[in-house]
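Per the UniProt record's numbering, residue 1 is the first one in the sequence shown, and the count goes up by one each step.
Derived by calculation from the structure, the hints in this document are not laboratory data.
There may be inaccurate statements among the hints.
Stated by the list, open to error - Quick list of the computed label-pair ranges, beta carbon to beta carbon:
| id | residue 1 | residue 2 | range |
| --- | --- | --- | --- |
| 1 | S82 | E204 | 48 to 54 Å |
| 2 | Y111 | A52 | 36 to 42 Å |
| 3 | I5 | T40 | 24 to 30 Å |
| 4 | S232 | T206 | 28 to 34 Å |
| 5 | K121 | E28 | 52 to 58 Å |
| 6 | S232 | G159 | 17 to 23 Å |
| 7 | K121 | T40 | 29 to 35 Å |
To be verified - Within a straight-line C-alpha distance of at most 20 Å, the following computed SDA-like cross-link-like pairs (lysine to any residue) qualify:
| id | residue 1 | residue 2 |
| --- | --- | --- |
| 8 | K67 | P94 |
| 9 | K62 | V90 |
| 10 | K56 | Q71 |
| 11 | K62 | M50 |
| 12 | K67 | D102 |
| 13 | K245 | S227 |
| 14 | K56 | D102 |
| 15 | K199 | A173 |
| 16 | K245 | T208 |
| 17 | K67 | V104 |
| 18 | K62 | A91 |
| 19 | K121 | S109 |
| 20 | K121 | G83 |
| 21 | K174 | F250 |
| 22 | K174 | E143 |
| 23 | K199 | P230 |
| 24 | K199 | D217 |
| 25 | K174 | Q71 |
| 26 | K101 | A53 |
| 27 | K121 | K174 |
| 28 | K121 | A91 |
| 29 | K245 | R167 |
| 30 | K101 | V88 |
| 31 | K121 | Q107 |
| 32 | K67 | P146 |
| 33 | K67 | T85 |
| 34 | K62 | V43 |
| 35 | K101 | A65 |
| 36 | K62 | K7 |
| 37 | K101 | L57 |
| 38 | K67 | S109 |
| 39 | K62 | P94 |
| 40 | K245 | A78 |
These numbers were taken from a predicted model, which means no experiment stands behind them.
Ideal Cβ positions, reconstructed from N, Cα and C, are used throughout, including at glycine.
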Amino acid sequence: MNTLIRKYGPTLDDVINLRESASDRLLELDSSSDLIEALTLQVEHEHEAMTAAAEKLSAARKSAAVKLADQVTAELAALAMSGSTLVVDVAQSPEFGSFGKDLVSIQLSSYPGADPRPLGKGASGGELSRIMLAIEVVLAQTEQAPTFIFDEVDAGVGGAAAIEVGRRLAMLAKQAQVIVVTHLAQVAAFANQHLRVLKNSTDEFTATDVVALNTEDRVNELARMLSGMPESDSGRTHAAELLEKAHAEFA
1 MNTLIRKYGP TLDDVINLRE SASDRLLELD SSSDLIEALT LQVEHEHEAM TAAAEKLSAA
61 RKSAAVKLAD QVTAELAALA MSGSTLVVDV AQSPEFGSFG KDLVSIQLSS YPGADPRPLG
121 KGASGGELSR IMLAIEVVLA QTEQAPTFIF DEVDAGVGGA AAIEVGRRLA MLAKQAQVIV
181 VTHLAQVAAF ANQHLRVLKN STDEFTATDV VALNTEDRVN ELARMLSGMP ESDSGRTHAA
241 ELLEKAHAEF A
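Between the sequences and the hints, there should be enough to build the whole structure, so can you do that?
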């Protein structure tokens, strides 16, 4: 007994515990073939359940992908991207992942007949911003995010298309805070709060000031953005009309 305690101790309880664990392990080895068979059946059962769940998830994704692509494509037509088609491709992966067996990619066909390409390769910076805006407008109907930030989402557009960009930003702002960097009066007119960013430079330093504009200041700033001449009566008239119509639409 002392020999066992010295070898497997330091106490008698340790020796007894070791004996019990060794006995259990020996029993497992004696029935290892039965255990392997049981575990194999369990793995097969779990794999079948996982496959069924993945197929159900894939079907739901493919259905949602078609709806999302159609709705975003309709939005793009109003954002000076008529003829562009968004494609949400749901492909199967050979391996399971934490999100199922799907490989999802968002692609863009820039014009009728063009092969869809990944957004990073098939869209310019301005187009990417408008695509993101269109996606967010669609998704805002079912889920909400607290804040959106768009940097020159209106790049490359003007006129009626710029007004549509502003209108959709205002629609999005009904559900969330929307911060927009823009150089277009047609977009700025839809804002609830207009901030002008000014850069002041001297021989010694450069500073950036952010100024909150009141209604009169907004008219002057919109006139400057429209024509470059804030003191122009016709420019101010146009700016005031633009501001009034934008606010009346979302009052």
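Now the hints, each set against the structure:
1. A C-beta distance of roughly 50 Å is found between S82 and E204, which places it inside the suggested range of 48 to 54 Å.
2. A beta carbon spacing of about 41 Å between Y111 and A52 agrees with the range 36 to 42 Å that was offered as a hint.
3. Between I5 and T40 the C-beta distance comes to about 41 Å, which lies outside the given range of 24 to 30 Å.
4. The hinted range of 28 to 34 Å is satisfied by S232 and T206, whose Cβ atoms lie roughly 29 Å apart.
5. One distance hint, 52 to 58 Å for the beta-carbon pair K121 and E28, holds here, with the actual separation near 56 Å.
6. At about 19 Å, the beta-carbon gap between S232 and G159 stays in the expected band of 17 to 23 Å.
7. The given range of 29 to 35 Å is broken by K121 and T40, whose C-beta atoms sit roughly 45 Å from each other.
8. Proximity of K67 to P94 is assessed by CA-CA distance (about 26 Å); at most 20 Å being required, the pair is judged violated.
9. With a C-alpha separation of about 6 Å, the suggested pair K62 and V90 falls inside the 20 Å cut-off, and the hint holds.
10. Note on K56 and Q71: the hinted pairing is violated, with a Cα-Cα distance of about 23 Å set against a maximum of 20 Å.
11. Only pairs whose Cα atoms come within 20 Å are accepted, and K62 paired with M50 is accepted, the gap being roughly 18 Å.
12. Among the hinted pairs, K67 with D102 is consistent with the structure: their alpha-carbon atoms are about 17 Å apart, no more than 20 Å.
13. Restraint check for K245 and S227: satisfied, since their Cα atoms lie roughly 19 Å apart, inside the 20 Å limit.
14. Using a Cα cut-off of 20 Å, the hinted pair K56 and D102 holds, with the two alpha carbons roughly 11 Å apart.
15. The hinted pair formed by K199 and A173 fails the criterion: a straight-line CA distance of about 28 Å is larger than 20 Å.
16. Straight-line distance between C-alpha atoms of K245 and T208 comes to about 31 Å, which puts the hinted pair past the 20 Å bound.
17. Pair hint K67 plus V104 holds up; C-alpha atoms about 15 Å apart against a cutoff of 20 Å.
18. Between K62 and A91 the CA atoms are separated by roughly 9 Å; this keeps the pair inside 20 Å, and the hint holds.
19. With a C-alpha separation of about 11 Å, the suggested pair K121 and S109 falls inside the 20 Å cut-off, and the hint holds.
20. A distance of roughly 17 Å separates the Cα atoms of K121 and G83; the hinted pair therefore holds under the 20 Å criterion.
21. This hinted pair checks out: K174 and F250 have alpha carbons roughly 9 Å apart, not beyond 20 Å.
22. Between K174 and E143, the direct Cα distance comes to roughly 13 Å. Compliance with the 20 Å bound is thereby established for this hinted pair.
23. Note on K199 and P230: the hinted pairing holds, with a Cα-Cα distance of about 18 Å set against a maximum of 20 Å.
24. Among the hinted pairs, K199 with D217 is consistent with the structure: their alpha-carbon atoms are about 18 Å apart, no more than 20 Å.
25. Between K174 and Q71, the direct Cα distance comes to roughly 19 Å. Compliance with the 20 Å bound is thereby established for this hinted pair.
26. Proximity of K101 to A53 is assessed by CA-CA distance (about 10 Å); at most 20 Å being required, the pair is judged to hold.
27. A C-alpha spacing of about 32 Å is found between K121 and K174, which places the hinted pair above 20 Å, so the restraint is violated.
28. Taken as a hint, the K121 and A91 pair is honoured in the structure, with Cα atoms around 19 Å apart against an allowance of 20 Å.
29. Distance restraint check for K245 and R167: the Cα-Cα separation of roughly 11 Å lies within the 20 Å cut-off, and the hinted pair is therefore satisfied.
30. This hinted pair checks out: K101 and V88 have alpha carbons roughly 16 Å apart, not beyond 20 Å.
31. Pair hint K121 plus Q107 holds up; C-alpha atoms about 9 Å apart against a cutoff of 20 Å.
32. Of the pairs offered as hints, the one joining K67 and P146 is violated, with about 24 Å between alpha carbons and a cut-off of 20 Å exceeded.
33. In summary, the hint linking K67 to T85 is supported, as the alpha carbons are separated by about 13 Å, within the 20 Å threshold.
34. Between K62 and V43, the direct Cα distance comes to roughly 28 Å. Violation of the 20 Å bound is thereby established for this hinted pair.
35. For the proposed pair K101 and A65, the alpha carbon gap of about 15 Å is at most 20 Å, so the pair holds.
36. With a CA separation close to 64 Å, the supplied pair K62 and K7 exceeds the 20 Å bound.
37. Proposed proximity of K101 and L57 is supported: the alpha carbons are some 9 Å apart, at most 20 Å.
38. Between K67 and S109 the alpha-carbon distance is near 17 Å, which keeps this suggested pair within the 20 Å criterion.
39. Between K62 and P94, the direct Cα distance comes to roughly 17 Å. Compliance with the 20 Å bound is thereby established for this hinted pair.
40. Our distance criterion of 20 Å between C-alpha atoms is met by K245 and A78, whose separation comes to about 19 Å.
Figure legend: structure checked against the earlier numbered hints; hints not met, in rising order: 3, 7, 8, 10, 15, 16, 27, 32, 34 and 36.
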